[in-house]
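Protein chains in written order, with this note's numbering: chain A, 1 to 205; chain B, 1001 to 1205.
Just so you know, not all the hints are guaranteed correct.
[What the hints assert, rightly or not] In silico SDA-like links for lysine to any residue, alpha-carbon gap of 25 Å or less:
1. B:K1074 / A:H70
2. B:K1023 / A:I5
3. A:K74 / A:A196
4. A:K74 / B:N1067
5. B:K1074 / A:G127
6. B:K1023 / A:G127
7. A:K74 / B:S1017
8. B:K1180 / B:E1125
9. B:K1023 / A:R191
10. A:K74 / B:S1079
11. B:K1180 / A:E170
12. B:K1074 / B:K1180
13. B:K1074 / A:R69
14. A:K74 / B:G1071
15. B:K1180 / B:L1150
16. A:K152 / A:E170
[What the hints assert, rightly or not] Negatives, chain B to chain A, calculated, CB over 12 Å:
17. N1024
18. A1048
19. G1071
20. K1074
21. A1080
22. L1139
23. Y1169
24. E1173
[Claimed, not checked] Rough simulated footprint, nothing fancy, chain B against chain A, three-plus residues with beta-carbon under 8 Å:
25. 6-16
26. 41-50
27. 65-74
28. 96-102
29. 149-158
30. 178-190
FYI, nobody ran anything at the bench for these hints, they're computed from the structure. Treat the numbers as computed from the prediction; the structure is a model and nothing was measured. All C-beta atoms in this analysis are idealised placements derived from N, C-alpha and C, irrespective of residue type, glycine included.
Protein chains: 2
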Amino acid sequence: MAQQIATNVHWHEGTASREERHKNLGQKGCTLWTTGLSGSGKSTVAVALEQVLIQNGKHAYRLDGDNIRHGLNKNLGFSAEDRAENIRRIGEVSKLFADSGMIVINAFISPYRADRDIVRQLHEEAGLPFLEVFVDAPLEVAEERDPKGLYKKARAGEIKGFTGIDDPYEAPEHAEIHLKTHEMSVEDSVRAIVEALESRGLLSA
Amino acid sequence: MAQQIATNVHWHEGTASREERHKNLGQKGCTLWTTGLSGSGKSTVAVALEQVLIQNGKHAYRLDGDNIRHGLNKNLGFSAEDRAENIRRIGEVSKLFADSGMIVINAFISPYRADRDIVRQLHEEAGLPFLEVFVDAPLEVAEERDPKGLYKKARAGEIKGFTGIDDPYEAPEHAEIHLKTHEMSVEDSVRAIVEALESRGLLSA
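Kindly produce the complete structure, drawing on both the sequences and the hints.
If you want it as structure tokens, here you go:
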């Protein structure tokens, strides 16, 4: 109880502002939205980026299938409607995290341009930075990696509507960051994102 | 660009842990769930608490009708099913914020014990602190305050299913914090919550 805030509570009219929250954190909240094929390297880059930011005293949080599909979005399936609602909810939660001051790092295939653009617009309307990160590996490279064995199942017809096989992946046309993960190391990818954050002044407040 | 993290990116295998995130923030993430009648003082207490925490260098974020009903939950109505889903989603988002290291402060009537208990259980299963804050004002006091004119409309039959009038409010039986806002100042209420946070070691990491 080093702080002992309770013994010295002073309150005045008014609401804490976004600027105060972000200043306290020494950064500006924003959303980094990785998008790419299964096996393109989204999760690897997201995990490494989070680690580097946190080791440098910054505040980041990852949203991914593990903490979203089994929680907030556990009542959604894989119909076209549910896939859109999946991304919409993740977009809304990202906006809340960015508003709070966190650097939120998403790792979802998010194959449809229209869905990603809705999330971008949500952020722009709220005055919060949204950086689309195209994690770009050729299909043959992603399929060769096949870390979860999903391409094999999709090719065998055991999974239907699999992105890149029998469902389209719509590549970003104006991504803020473009990572060719079959030509770049993980450190190179992380560096490119950190440079994008620094050049926009997002790692200070 | 004081930091220049990009020039010195070092990455090794492994994922940043909750403990690292929370240590960076100098606090432990947790959820403060205020519950009470419309007009009981939930928002007033939540706003004041956020302000006091932030002025003391802590990191807090409020979820309330303004940023939830028009965003994440804008596709929900007021049927029994939708009300339960409303609280479920807020609970899942709170859990994510607490996991990230934030002190998340909710201000929703959340009248049903079963819904609140589901959110408590979500947190307990994830090993994250959940503090229920009963913002307790007698109905006649809340109705007299009627800050949004909603009781008047409910009494006139213009709003149906209004908590305290023609829909039940199920008071918490084991709230961690009990605030009788008709007998306590806003500063007293904030102090009681901060003491609860400090006594549990949540304001240090």
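**Prompt:** Which hints, by number, does the structure contradict?
**Reply:** Numbers 3, 6, 8, 11, 12, 17, 18, 19, 20 and 29, in rising order.
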